[in-house]
Amino acid sequence: MRSLPCIVLNLCLTLHSIGSINTYSSDSDFTCFIERYFITDALHDLIGCTNRAEEIFIANTLAELVSEFYLRANLQWIGASKWIVRSLKQYDQKFADHLVEAFDVLYKTGDKNKVVQLVDKVLEPYGGQFFKRFSLGEN
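Numbering of the sequence shown is given in my numbering, commencing with residue 1128 and proceeding in unit increments.
Hints in this document: simulated from the structure, not taken from any laboratory. Each residue gets a CB set at the ideal place from its N, CA and C atoms; glycine is no exception. Don't take each hint at face value.
As the list claims (entries may be wrong) - Here are the simulated lysine-lysine pairs, BS3-like style, with alpha carbons at most 25 Å apart: (1) Lys1209 - Lys1241; (2) Lys1221 - Lys1209; (3) Lys1248 - Lys1235; (4) Lys1216 - Lys1241; (5) Lys1235 - Lys1221.
As the list claims (entries may be wrong) - Label-pair restraints from in silico Cβ distances: (6) Thr1177 - Leu1202: 15 to 23 Å; (7) Gly1254 - Asp1219: 28 to 36 Å; (8) Lys1235 - Glu1191: 26 to 34 Å; (9) Pro1252 - Arg1179: 14 to 22 Å; (10) Gln1217 - Gly1175: 31 to 39 Å; (11) Thr1177 - Gln1203: 15 to 23 Å; (12) Trp1204 - Asn1178: 17 to 25 Å; (13) Phe1184 - Asn1240: 29 to 37 Å; (14) Thr1177 - Tyr1218: 29 to 37 Å; (15) Lys1248 - Leu1202: 14 to 22 Å; (16) Asp1219 - Ile1174: 23 to 31 Å; (17) Ala1180 - Gln1220: 29 to 37 Å; (18) Gln1217 - Thr1177: 30 to 38 Å.
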């Protein structure tokens, strides 16, 4: 398995080769682009997952990625662990409630629909899910 820095480097080289990097005007736009990719990757892993143990860990990763993306996109401080949800609640109580509810339903029942809808809603203003013309970490 490749390390994250190798995967990111591969992504950058691939994006440069297809011309996608040039459509972003700043480093923060490129960071948003990369984060969209990782969120989309985790979301697709979750959707296709049939192993409950793996599903739990994928969901944890996705919750953290989406929370961080939402806060960064809105120029808010991010945190780790309990500070993620505290930062979300401080900035947007309604969104925080929806996020917690979506993942709570997933953890309790295995129903992924609310998580998928929430992630799509978060990514939509930034171009939606991103998985076009390349893949990371695969030869």
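Outcome of the hint check:
This hinted pair checks out: lysine 1209 and lysine 1241 have alpha carbons roughly 22 Å apart, not beyond 25 Å. Simply put, lysine 1221 and lysine 1209 have alpha-carbon atoms about 17 Å apart, close enough for the 25 Å limit, and the pair holds. Restraint check: the Cα-Cα separation between lysine 1248 and lysine 1235 comes to about 22 Å, which is no more than 25 Å; the hinted pair holds. Restraint check for lysine 1216 and lysine 1241: the C-alpha separation of about 19 Å stays at or below 25 Å, so the hint holds.
In summary, the hint linking lysine 1235 to lysine 1221 is supported, as the alpha carbons are separated by about 21 Å, within the 25 Å threshold. Range check, threonine 1177 to leucine 1202: about 38 Å between beta-carbon atoms, so the 15 to 23 Å window is missed. At roughly 21 Å, the beta carbons of glycine 1254 and aspartate 1219 sit outside the given window of 28 to 36 Å. At about 19 Å, the beta-carbon gap between lysine 1235 and glutamate 1191 misses the expected band of 26 to 34 Å.
Judged by the Cβ atoms, the range 14 to 22 Å given for proline 1252 and arginine 1179 is violated: they are separated by roughly 32 Å. Between glutamine 1217 and glycine 1175, the C-beta spacing of about 34 Å keeps the proposed range 31 to 39 Å intact. In this structure, threonine 1177 and glutamine 1203 break the distance hint of 15 to 23 Å, their C-beta atoms being roughly 35 Å apart. At roughly 35 Å, the beta carbons of tryptophan 1204 and asparagine 1178 sit outside the given window of 17 to 25 Å.
For phenylalanine 1184 and asparagine 1240, the Cβ-Cβ distance of about 20 Å falls outside the hinted range of 29 to 37 Å, so the restraint is violated. In this structure, threonine 1177 and tyrosine 1218 meet the distance hint of 29 to 37 Å, their C-beta atoms being roughly 35 Å apart. The hinted range of 14 to 22 Å is satisfied by lysine 1248 and leucine 1202, whose Cβ atoms lie roughly 19 Å apart. The beta-carbon spacing between aspartate 1219 and isoleucine 1174, approximately 25 Å, falls within the hinted interval of 23 to 31 Å.
About 32 Å separates the C-beta atoms of alanine 1180 and glutamine 1220, a value consistent with the hinted range of 29 to 37 Å. Our hint of 30 to 38 Å for glutamine 1217 and threonine 1177 holds, since their Cβ atoms are close to 37 Å apart.
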